[in-house]
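Student: The chain contents come next:
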Amino acid sequence: MKVPFSALVLAALVLAPLPALAGPLKVVASFSVIGDFAKQVGGDHIDLTTIVGANGDIHVYEPTPADAVAMSKADVILANGLALEGFLDRLVTASGTKAQLVELTKGITPLASTEADDHDHDHEDADHDEEDADHDHADEEGHHHHGDLDPHAWQSVANAEIYVKNIETAFCAADPDNCPDYTANAAAYLDKLEGLDADIHEMIDAIPANKRIIITSHDAFAYFGHEYGLSFLAPQGVSTEAEPSAADVANLIRQIRDEHAAALFTENVTDPRVVEQIAEETGISVGGELYALLSGPDAPAATYLDMERHNAETISAAILGK
Amino acid sequence: MIDAIYGFAIAPFVEFTFMQRALAGALMLSISASPVGVFLMLRRMSLTGDAMSHAILPGVAVGFLLFGLDLVPMTVGGLIAGLIVAFGAGAISRLTSQREDASLAAFHLISLALGVLIVSMRGSSIDLMHVLFGSVLGLTDEAITVIAVIVVTSLVAMSTFWRALVAECLDPLFLRSVSRLGPAVHFLFLGVVVLNLVGGFLALGTLLSVGLMMLPAAAARFWTSRVETMALTAIAIAAASSISGLLLSYHAALPAGPAIVLSAGAVYVVSLAFGTTGILNSHTTKGQHRTA
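As you go down the protein sequences, you meet chains A and B in turn. Oh and the first sequence: position 243 is 243 in the working numbering, straight run, nothing missing. Oh and the second sequence: position 215 is 1215 in the working numbering, straight run, nothing missing.
Hints are computed from structural coordinates only; laboratory data are not their basis. Here a beta-carbon is modelled for each residue, glycine too, at the ideal position from N, C-alpha and C. Do not rely on the hints blindly, as some may be mistaken.
To be verified - Sample of chain B residues at the chain A side, in silico, Cβ under 7 Å:
no. : residue
1   : Phe1016
2   : Phe1018
3   : Gln1020
4   : Leu1023
5   : Gly1138
6   : Tyr1250
As the list claims (entries may be wrong) - Taking beta-carbon pairs under 8 Å as the criterion, some of the chain B residues facing chain A (in silico):
no. : residue
7   : Ile1010
8   : Pro1012
9   : Leu1137
10  : Thr1277
11  : Asn1281
Working from the sequences, and respecting the hints, build out all of it.
Tutor: Here's what the structure looks like:
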């Protein structure tokens, strides 16, 4: 039962009700973390669709017709921005949505991408991506911008607070009737975030200054490191798709030896093999799995609060040996 | 001088275990995959490797979905899918008038579509391709073992049936007239092809496996027409490319897989130009024939 994509979009356009706000506010969130924030702020008033769900890798996502349908009916589209969602512009155009696209990183202080050398992302699997030309292009676009600014801003809780405030503003603008509820929900959630922020500071501040270098498999934690005073090194660079060179891996191993990296972690949604190899070579054992994006409901990072707490606890336990 | 050479070519492998592993993996694959590539080329099946990298996807995906990121079930799944596609294509080319390239194209496309379907059924859209296929810099003990098993199996199979393989490749009608083993040898060969490719994909990545299989073989073709010499030349080219590619990756900060394949590509271009049957030499020979 395969219906042509264009037909689905057309059907969606024809069937979509005019943007009169009968029923709940229809919200599309680009990935799991933003979906979690939207749920916290919107509560019962919104009908939420999350495009890239738990454990999905947003760098290489391939949209489905259902995503376009959801998007065409949406009242508000929430995205991270900073060129994280390479697929989004095409999807917005293809779905013909009238909704406002809100980039939640608006107002944060972006960090430069740590991937300094802009070597081509000539990845091993170039031939595999040919199976879907669209997918390929979406990737390309994502990557070209990727070199400039690090998009993983939500990894700092202070930035998450800005995300939540931006969501509140967007919801209030789209659905003024329920604005007081959104404001109240946001305020309650911001309280939790501030508590979390304080807890993480307390946990990380206990780590001695000479034990603050940490290795992960994909450089998604620069904002976390910046906020809480840790340095994260990764063999893979910022994108999950580039293949590391022998020089990258060798430099990292030297750095680990010279600067005495304190701990080493793998990450959900990335290939753990290279990091495991480095662990074996340097004699540092793998301290656990960190989460850059939300996991499924049964894993330790079901919500944003759980994810950040899990990451901080995993790091502090591995370094302090608790 | 000697220090400089040592620092350039030897020290990286002494200092870093991951470089030793990468070298071991690439050299082992060179020894078993390049001769296979020679036979594939002689049989005009040079693109089989690329087709196969897609064809094994459903098997690998099922292995991954059932057992997680574990090399052994993924390899077994890939082997089953690869063998079905290779044997199916081979059987069709033998039973019908359709040539092997057409039937292989049909089978690998069906298999690829099935694979994409299975991957997407997982719900979340993590790009399995990137997780499923290995990297030469991330070789685990398990991956090294898998490659070693493949190398030994395929070397034993090939040396046992060498003469039959050569006959099957170069003159299948002759083999058919003296022996009824023709189809058996053909399918055994397809099995060895699948074994090398699947193991290579999962341990080292697709580009590197296909590259080490086909480019040295194609380059060796310009230097000799004897199958034994060609196979040995191909192994030497593949081994040299592995070493130079890894050093290139180390010193010039290039991704390791593409660096190795491009080294082999450079040898191919040089052979194409200067080989004994390459462009420059074959041109003069032809000229001499005409004037003689």
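Student: Could you tell me which of the hints above the structure violates, numbers in ascending order?
Tutor: Hint check: 3, 4, 7, 10 and 11 fail, others pass.
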